[in-house]
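Go by the hints and put chain G onto chain Y.
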Amino acid sequence: MPVVAKTAGMPSSAHEVWIEPPRAWAGANWKQLWRHRALLWTLTWRDIKVRYRQTVLGAIWAVLQPLTTMAIFTVVFGRLAQMSSDGVPYPIFVFMGLLPWLFVSQGLNVASNSLVGNAGLITKVYFPRLIIPTASILSSLVDFGISFGVLVCLMAWYGLVPSLSWLLLPMPLALAVVTSLGVGIWLSALNVKFRDVRLTIPFLTQIWMFSSPIIFPTSLIEPKWRTLYGLNPMVGIIEGFRWSLIPRGVAPDLGSIVMSTVVALVLLATGVLFFRRVERNFADLI
Amino acid sequence: MQDLAIEVEELGKRYHIAQVAAPYQTLRDSIVNLFAAPARRACSVLRGVAPQADARSREFWALRNVSFDVRRGEVLGIIGRNGSGKSTLLKILSQITAPTEGRARVVGRVGSLLEVGTGFHYELSGRDNIYLNGAMLGMRRDEIRRKFDAIVDFSQVAEFLDTPVKHYSSGMYMRLAFSVAAHLESEILLVDEVLAVGDFDFQKKCIAKMQDVTRDGRTVIFISHSMGSVKELCHRAMILNHGRLEAIGGVEEMVDLYEPRPEVVAAGQVTWSGKDHAPANDFVELESVAICGPDGVARAEFAVEEPVDVRIRFHNKRAGTVYRVEIRLRDKHGNWVLTSENGYTSVDSPDPGLKTPLPAGLVESCCRMPASLLNDQEYVVSVAVVPEEAGTDGGQLYVENLLQFQVIDPACKQNTKYLGLVRPRLAWHTSQLNAA
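Chains Y and G, in that order, give the protein sequences. Quick note on the numbering used here: the first sequence kicks off at 181 and runs consecutively. Quick note on the numbering used here: the second sequence kicks off at 119 and runs consecutively.
Next up, chain Y with everything else stripped away, as it sits in the complex (with noise of 0.2 Å):
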């Protein structure tokens, strides 16, 4: 029985491939992460399934941990040591600080350890490895979803509804995981060649928290500074999301926003060259 036309289902010269040893500097291969667009859903599935199982508590997590860290937030800043919060309940204010940040650098967690943490895939098949530090972070998201119910719950109780500005959270949102994206896959990269990578992020991360405008208003910082402010990619996240939410008080500042994204972009692509560079030799490594 002749089966050979069974697999034909394209021209073979679409997948004529060459291999050779790698140029310096490569872009990102978008024609391949396309092809393995089904892979990057099946590990984000994974990862997913696999954190909510192993956990006792789940998804109880996701509502836990902004929760407990908005009440401690709470009674320190808000109440001993009087922050300001441009008018809106102080739980709220921080809360809708903390939710794009938990997702940020929950993010870059995840995503720092994921290559290491995937080496068994990494020496035995190939695929285009972004797709390792994407996936899981597009798998926070789903703890930023559960979040997010919660803010919405919250709100109701202070009396906030949603506005028409809602229709703008997307922004802040896409710029997030730009900056979550960015971070994460520079630092999975760096952590397959120096596994000390690891032990310095607990570190950044609580740099990165508190110069961000979680706990206070960027009105609290002179007009002045506050394009510059926006080198902190945080900042134009936090002070989207929060204006998107509640549209009162000052407007965010355009040019921190547009700062924030530049510098996002800027880290993405940057991790996407770096990554590319090293990734030749991550099953060599690993």
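There could be a bad hint or two in this list.
[Said to hold, decoys possible] Each computed DSSO-like pair below joins lysine-lysine, with the alpha-carbon atoms no more than 27 Å apart:
(1) G:Lys265 to G:Lys323
(2) Y:Lys229 to G:Lys265
(3) G:Lys535 to G:Lys473
(4) G:Lys284 to G:Lys265
(5) G:Lys349 to G:Lys327
(6) Y:Lys229 to G:Lys450
The hints are simulated quantities; they were obtained by calculation from the structure and are not laboratory data. Keep in mind that this is a model prediction, so the values were computed, not measured.
Chain G only, in chain Y's frame:
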């Protein structure tokens, strides 16, 4: 050129020994090095020594100058010892690791099975793992869905499909893993010895499945240590040795080249004329060994239906010694076929010379292998003469792989080869037990 599936040109892969010893660096070391390295380089330049890359890292080539082609639909076996570069070659062809030099062109969708169960996750159920593993191997979701039942059926784990694989026995785990891999539909398949999984029955199933795959007209590169599976599955084979391509050609020829073949002195008969060269010790000295037909004439080719005589002539140097004589037969790959000694004969024809003290002088011992015992293939004879009173180490004379001869089947039609090292005519009896 049109129907080449894989073209490999001068492929090479270099590793650094230091990389192997310490697989990863620390950022701290690197930062220290960043400052130390220029200083070291400056020092060596000042001293007039060529700057060394790094004294600690020596390099070695896991693969070098390897070139070959694989036609579409061909099954190529790769054989070689551990560390000969087989796995490295497959890893390069499946793009897991990049080559250091040379290049390769691969036309067609590649599926690689370097390990069964790649990406299996212990926490997930068998069902989830089929989808996961399938996606890893490059199957599309609809493709997996279409084959799902066939995969489950083949793996024989249907009732545990929704149990996490961590509760599977290792046999079940391997069966499921192989089943997913076996249903991979790609034009080119790179396989690294994954056949030896599960129990005997399942192994047979695996081999049969692999044969189906190769008959599908797909291109396969297959690594194995088992010459049996290579011969069964491959059209051509290549031998890798220390990263170099040693030989490539027909599978029979390559396996013959690779397997440790006994070196045989002569065919048919060997006679020692000068006393210097004859195998000898304090008790005996061999004069000749011959393989003869019933007429007593030495030759190297026998029909299956002919008896084969091995005649051993030796000088007894010590009067009154009792000897035990022995022959051993190997096939051409060195597998033992049989051992026979004159103290262990057919009941109706005991050796009259057995346990008889012999006078000094020439002795002949003849062993007859009956007609229809040996199969139509090549055999190699080894001979031993053992004086009874000598200790086990001192007096025995053993000459290995002394003579070779060929058994042929003149009546043999094409495709009616009997498998096996021997081909005795056995007693059969078939009768009707009850009428229908």
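Against the structure, the hints:
1. This hinted pair checks out: G:Lys265 and G:Lys323 have alpha carbons roughly 18 Å apart, not beyond 27 Å.
2. Using a Cα cut-off of 27 Å, the hinted pair Y:Lys229 and G:Lys265 holds, with the two alpha carbons roughly 23 Å apart.
3. About 42 Å separates the Cα atoms of G:Lys535 and G:Lys473, which puts this hinted pair outside 27 Å; it is violated.
4. The hinted pair formed by G:Lys284 and G:Lys265 meets the criterion: a straight-line CA distance of about 24 Å does not exceed 27 Å.
5. Between the alpha carbons of G:Lys349 and G:Lys327 the distance comes to roughly 16 Å, so the proposed pair stays at or under 27 Å and holds.
6. Pair hint Y:Lys229 plus G:Lys450 does not hold up; C-alpha atoms about 56 Å apart against a cutoff of 27 Å.
Going down the numbered hints, you'll see the structure goes against 3, 6, while the others check out.
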